[in-house]
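Peer 1: First to last, the sequence lines map onto chains E and C.
Those letters in the first sequence? Residues 51 to 239, per this note's numbering, in order.
Those letters in the second sequence? Residues 91 to 205, per this note's numbering, in order.
Take every hint as true, because none was put in to throw you off.
Computed, partial: chain C to chain E, Cβ under 10 Å:
no., residue
1, I141
2, Y150
3, M168
Pairs of lysine-lysine residues, derived as DSBU-like cross-links and limited to a Cα-Cα distance of at most 35 Å, are as follows:
no., chain 1, residue 1, chain 2, residue 2
4, E, K239, C, K193
5, C, K149, E, K138
6, C, K149, E, K206
7, E, K157, E, K239
8, E, K206, E, K138
9, E, K138, E, K157
10, E, K137, E, K206
11, E, K206, E, K157
12, E, K157, E, K137
13, E, K239, C, K149
14, C, K149, E, K157
15, C, K149, E, K137
I should point out that these hints are in silico values taken from the structure, not numbers from a laboratory.
Built from N, CA and C at the ideal position, the CB exists for glycine as well.
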Amino acid sequence: MRPIANTRSAAGIPTGRLAVWWVVASEIMIFGGLLASYVMHRLGNPEWAGYAAHTNIWFGGTNTFVLLTSSLSAVLAHQAAEAGDGKKAARLLYFTCLGAVVFVCIKAFEWTTEIQAGFTITSNTFWSFYYTAAGIHALHIIAGGVIMLIVAESAKRNEELHRVELIGIYWHFVDIVWIFLFPLLYIAK
Amino acid sequence: MSDHADHNTDHHEVNYVRIWQILLVLLVISIAGPFLEIQAVTLATAFGIAIVKAYLVAKYFMHLNNEPRYVVYMLLTMLIFVFLFFAAVAPDVMNHEGANWVKPRVVVVEAPVHH
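Pulled out of the complex, with its shape left as it was, chain C reads as follows (with noise of 0.2 Å):
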């Protein structure tokens, strides 16, 4: 325990449960967002507050910070996977037709019956 002690050793002043109280209060304003039926204000109490809920987690809870900048990058580097996975499939994905082209629509095949 004792590298694990020392490891530790910053963030024992953390009071993890009013970190937990504004996860809270975040959750509780990211459902009332959409009651408001205006959609700029669903997206940000949504995905705005996703990004926020997620980074407390990440810092206070998984104590990220404390690690070796090495272990952020290589999260880092996954994300960066992520989105460049994102960039070169979506464009294929949401478009419909282009210039020159027109995505066949899907053709759904009942199964036959049988009596």
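Bound conformation, chain E alone (with noise of 0.2 Å):
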């Protein structure tokens, strides 16, 4: 028996790729408010240009380079589990997975040199939404990265191909909201 998700169409899309752009739509929001709460707190306060100063822009830039890298393998995920090639699919993904262990990784050192420099979650509201924006978007990258193992595990016996393509939309989302949250944390400064 084939899940509902590929087979039940509502609203002339997969049932499936529907209940992804929901939760698309919803991380919208939650993205959307925090992004707003800061944009409008540093433009209230012009002096967190200079709390942005200590940000370090080539962690931030070689994180952009891996997410859109990352993205790139993702859609090429994609487009072979369209040609119904499971096995090349899983592979891209694996690939895909290593790009956000590479990007937590770069995380994990960029934040350590910025507690060791005395820069912590409570240091003043810019660091907290510093912390608190990346850290969500790296919860969601660390999600993404799990779910993607468990679609590459079935996409590599030929099975469940078009959750590929779900997973795959999520992704360039997270993507998306990297591309934003770069500038307004390492460049606007």
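Build the complex: two chains, separate frames, hints provided.
Peer 2: In structure tokens form, the structure reads like this:
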């Protein structure tokens, strides 16, 4: 028996894909609310530019490169799944997972240097926003990586290939969130 | 996979590697912008390019343009709610004084040290 997410088509698209778009819609509210709060505080407190000067653009830039590259492998995995090549899709998903691991490792190294320099989540409101926004994003990266491993396991047996696209949509959204976090936290100084 | 394949027939021709290359070029420009030390250029290269990058990812990687229009409207509705939130709350957060009021300063209380 095939899962409902793949066989039933509600509102013109498969139910699974519709569900992922709803997840993305609710994530827009989560990250949108957080980033909008950050922007209004930043505009109302020009001195935050001085705090932001301590963030390292090279860490942020490298992580942007990592996420953009992992998005490429996610969409190529989707392309392979469409062609019915589950093994190739799984390989590309594993590569995407590697991107998630590299991203989190860089983030851990970056936070260690910042905390050692005395900038912690309780230092001031800027650093509270910084660790909260980047931390929630990193949790999404970890969750996406775990789900991707599960999807890859079934994909390599040529099963549930539609899931490759679904995790891809989620992953690209997490990429888009970082695309906005990067200038807000690392470039605007 | 049949409906899955039908849905995606019109983006087989997309060169994903080329889109990725464009995204990387945009990333380099956004990093290089601040080195000119002109604030307007920094803001344009940082946030203008972020919007372009997000558009490219949504269109070509998420295939949003191939979805029914209501999916796009659903996501745009969420964005409108975010802007409404900003419009409603920002005047309070961003202003520190008004015609008849002054925002009280935040007082940081040091924790007592026990010896």
